[in-house]
Amino acid sequence: MSGGHGAHVDNSIWMRAVMMGGIFLTIGVLLFATLGVFMANEKHHVWEELEDDYHHMEVQFAMDSSEEGANISAHEAEELDHLHHEEIAAHLSYLTYRVAGITILLMSITYAAFIGVGGFLNASKPNAEHGDGHDDGHDEHHGSSSPIIFAFGIMLFLAGFPDFAIACKAMLNADVTADLGMLSLSIVGLLTIVIAVANWWFEDLPFNGHGEQIATSYPFEGEHIRKAGLWVFIMSEIMVFATFFSSYLRMRTEWCTDWAIDSGVEACSGVEKGTVVTASDLLRHDFATLLPGAINTFALIISSYTIVLALKTAKNAKWERSTGIMGKIMPTRKAEIRNYLIATLALGSLFIVLKLVEWSHLVAEGFDIGTTQGSIFYIATGAHGLHVFIGLLVMLYLVFKADTVGFDEDNAQGIEYFGLYWHFVDLAWVVIFPAFYLY
Amino acid sequence: MGEHMEIMGKDIYFWNFIVLMFFTLFEVAAVFYDVIPGTEIEVTKMMVWAVLIIVGIIKGFGIAAFFMHLKDDPRIYTRTALFPVLFVILMLWGIGLSNPAGVTELPSWCTPNWDYATR
Numbered sequence: 001m002s003g004g005h006g007a008h009v010d011n012s013i014w015m016r017a018v019m020m021g022g023i024f025l026t027i028g029v030l031l032f033a034t035l036g037v038f039m040a041n042e043k044h045h046v047w048e049e050l051e052d053d054y055h056h057m058e059v060q061f062a063m064d065s066s067e068e069g070a071n072i073s074a075h076e077a078e079e080l081d082h083l084h085h086e087e088i089a090a091h092l093s094y095l096t097y098r099v100a101g102i103t104i105l106l107m108s109i110t111y112a113a114f115i116g117v118g119g120f121l122n123a124s125k126p127n128a129e130h131g132d133g134h135d136d137g138h139d140e141h142h143g144s145s146s147p148i149i150f151a152f153g154i155m156l157f158l159a160g161f162p163d164f165a166i167a168c169k170a171m172l173n174a175d176v177t178a179d180l181g182m183l184s185l186s187i188v189g190l191l192t193i194v195i196a197v198a199n200w201w202f203e204d205l206p207f208n209g210h211g212e213q214i215a216t217s218y219p220f221e222g223e224h225i226r227k228a229g230l231w232v233f234i235m236s237e238i239m240v241f242a243t244f245f246s247s248y249l250r251m252r253t254e255w256c257t258d259w260a261i262d263s264g265v266e267a268c269s270g271v272e273k274g275t276v277v278t279a280s281d282l283l284r285h286d287f288a289t290l291l292p293g294a295i296n297t298f299a300l301i302i303s304s305y306t307i308v309l310a311l312k313t314a315k316n317a318k319w320e321r322s323t324g325i326m327g328k329i330m331p332t333r334k335a336e337i338r339n340y341l342i343a344t345l346a347l348g349s350l351f352i353v354l355k356l357v358e359w360s361h362l363v364a365e366g367f368d369i370g371t372t373q374g375s376i377f378y379i380a381t382g383a384h385g386l387h388v389f390i391g392l393l394v395m396l397y398l399v400f401k402a403d404t405v406g407f408d409e410d411n412a413q414g415i416e417y418f419g420l421y422w423h424f425v426d427l428a429w430v431v432i433f434p435a436f437y438l439y
Numbered sequence: 001m002g003e004h005m006e007i008m009g010k011d012i013y014f015w016n017f018i019v020l021m022f023f024t025l026f027e028v029a030a031v032f033y034d035v036i037p038g039t040e041i042e043v044t045k046m047m048v049w050a051v052l053i054i055v056g057i058i059k060g061f062g063i064a065a066f067f068m069h070l071k072d073d074p075r076i077y078t079r080t081a082l083f084p085v086l087f088v089i090l091m092l093w094g095i096g097l098s099n100p101a102g103v104t105e106l107p108s109w110c111t112p113n114w115d116y117a118t119r
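First to last, the sequence lines map onto chains W and X. Using our numbering, read the first sequence as starting at 1 and increasing by one per residue. Using our numbering, read the second sequence as starting at 1 and increasing by one per residue.
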C-alpha cells in the first residue's frame, strides 16, 4: 500500500466499511444459526441415539454371553462393529456442522471487527488529513509510518501472546488465570495493529497509481520498490516453510510408518503396522476423509485464478461487458473486479472452514498435537492456514477499495502485489498437501 | 504480463488454471487408487512418489511462471525467488536427511564424515 498522492476521497466513504462489517456479521450469524445450531443439533440427536443404541447393544450382548457362558457370536460382533462405525460417522457429521458454524461465526466477527473498526476510525478523521498530508501539488511518494507501527504492534502482541492465549482459555471456563500485565501488553499490541492498519488503508485508498516509488539503484533499478519488497518478503516466507518441511522430512525418514513398512525399509523390519500413525494415514485412504483437503486444494487454485481475473480486468482499459449471465452478474468493470475479489475471499474462507472441520475430525480420532506426528502436522498446516487468514483480512480491504474508489489500469498494483502473496500461499500448499496429506 | 498470448481463444492464465486443476486431480488419484483404473497395473509407492514430486514441480512452475508473472517479469525477480532455494536445499540436506538412516543411506561424498583424502 502506498502513501502516495492521489484522488480525493471523502471520509464518509469509510462508513461503507462499517456497513460491510455489519453485512459480514449478519451473514456469519445466519450461517452459524443454520449450520452450527440447527443442523448441528439435529446431527447431535442422531449421534446420541446411535450412541445409546450402541451401548445398549453392547450391554445386551455382554449379558447374553455371560448367561450362555460363551463369547458373542461373529454375527453379533459384526452387528456391534457396524453400529459402532455408524456412531463414529454420526459424531463426525455432528462435528462437521458444529465446527463449520462456529468457525464461520468467529471469522465473520473478526472480519466485521477488522473492517468495521478500521472504517470507523478513518470515518472519524477530518477530511483535510486524507492522502499524504502534503498539499504540494506533485505526485511524489512521501513514505508511510504505518508498516513500522504495524510491526511494533505485532511485537507487543506476541510478547504478551502466551497470556493472551491463557485468557482465551479462561474465557472458555478453563481452570487457568492469565497474567494481567502481559495480557494488557498483548491487547495494546492488538490495538496498535488495528490503528496502524486503519491508517495504512487511509493512506492507500486515494492512491490512483501516480507517485509509485521506483528503485534507482542495482539490482532492482527501474522497478517498483513495493514489488521488490514483496518479493524479498516472499523470499523470507520460503525459508519459513522450508524449516517446517525439513523438520517434517527429518522426522518422517525416521518414522516406521505403514508406508515405510510396506516399502520394505530395512530399519522398520519387525515393526508392526499402525505403530506410527501420521495424518496422511488417517486421511488418504478414504474418499470422505481426503475430501476436505482435496476441496481445499481446488479452492486455492480457483482463488488464485479469480485474483488473476480481477487483476486482468483492472488492467484492461478496453473492458467490455460480457454477454449472458456473466454480463448480468458483472455489469460494470468495477463490479467485475469487486466480484472476482469477493469470490477469492469466499474461496479462502472456505479453505479455513474446511481446515478446521478436518482438524476437528482428526482430534476426535485421537490425532492431536501431543504426538510428534501431530505436532509437525498442526504447526505446518496451521502456519499455512494463518497465512491464508491474514491474506483474507487484507482481501477485505481490497474488496472495500474495489467497491468504493475502484481499481483501474493505473492503480491495479494493489491487486497485483497482494496476488503475489496469495499465489505464494497457493504454492506453499502445493508442497504441504502432497507431503502431509498424500505421502 | 502474458495475457496477450492466446491459445484457442483463451489466455495463458486460463490454460494454466486448467493444467493446475488437471494435475491436482491426477495427484489425488495417484494416491487414492491402488491399481490404475481400467488396468491391472499396481500403483506402487515408488510410482506415487514420482507422481507427487513431478506434479509438484509442474504445479509450482505453473503458479510461479504464469500466475506470479515470473516468466514475463525482469529476471531479477526470478533470481530473488530462487535465492532461498540454496538455503532450502541445505536445510533439506542438513536437517531433513540428518537422521541416522538418512545419513547411512547417502553416498559417501554426501555424508558429514567424508574425507577428501580418500577421493
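Quick caveat, the hints were computed from the structure, so don't treat them as lab data. Where a beta carbon is used, it is the ideal one built from N, C-alpha and C, also for glycine. Among the clues, some could well be false.
[As the list claims (entries may be wrong)] Derived list of chain W stretches under chain X, where covered just means 3 residues or more per stretch with a C-beta under 8 Å from a C-beta of chain X:
| no. | stretch |
| --- | --- |
| 1 | 237 to 248 |
| 2 | 387 to 399 |
[Stated by the list, open to error] In the BS3-like style, the derived pairs of lysine-lysine whose C-alpha atoms are separated by at most 25 Å in a straight line are:
| no. | chain 1 | residue 1 | chain 2 | residue 2 |
| --- | --- | --- | --- | --- |
| 3 | X | 71 | W | 312 |
| 4 | X | 45 | W | 227 |
| 5 | W | 312 | X | 10 |
| 6 | W | 315 | W | 328 |
Evaluated hints:
For the stretch 237 to 248 of chain W, the proposed coverage by chain X is satisfied: 8 residues have a C-beta within less than 8 Å of a C-beta in that chain, meeting the threshold of three. Beta-carbon proximity to chain X at under 8 Å applies to 0 residues in the stretch 387 to 399 of chain W; the threshold of 3 is not reached and the given coverage is violated. Our distance criterion of 25 Å between C-alpha atoms is met by residue 71 of chain X and residue 312 of chain W, whose separation comes to about 16 Å. A hinted pair counts as satisfied when its Cα atoms are at most 25 Å apart, and residue 45 of chain X with residue 227 of chain W does not qualify at roughly 42 Å.
Annotation: proposed proximity of residue 312 of chain W to residue 10 of chain X holds, straight-line Cα distance about 13 Å (limit 25 Å). Distance restraint check for residue 315 of chain W and residue 328 of chain W: the Cα-Cα separation of roughly 21 Å lies within the 25 Å cut-off, and the hinted pair is therefore satisfied.
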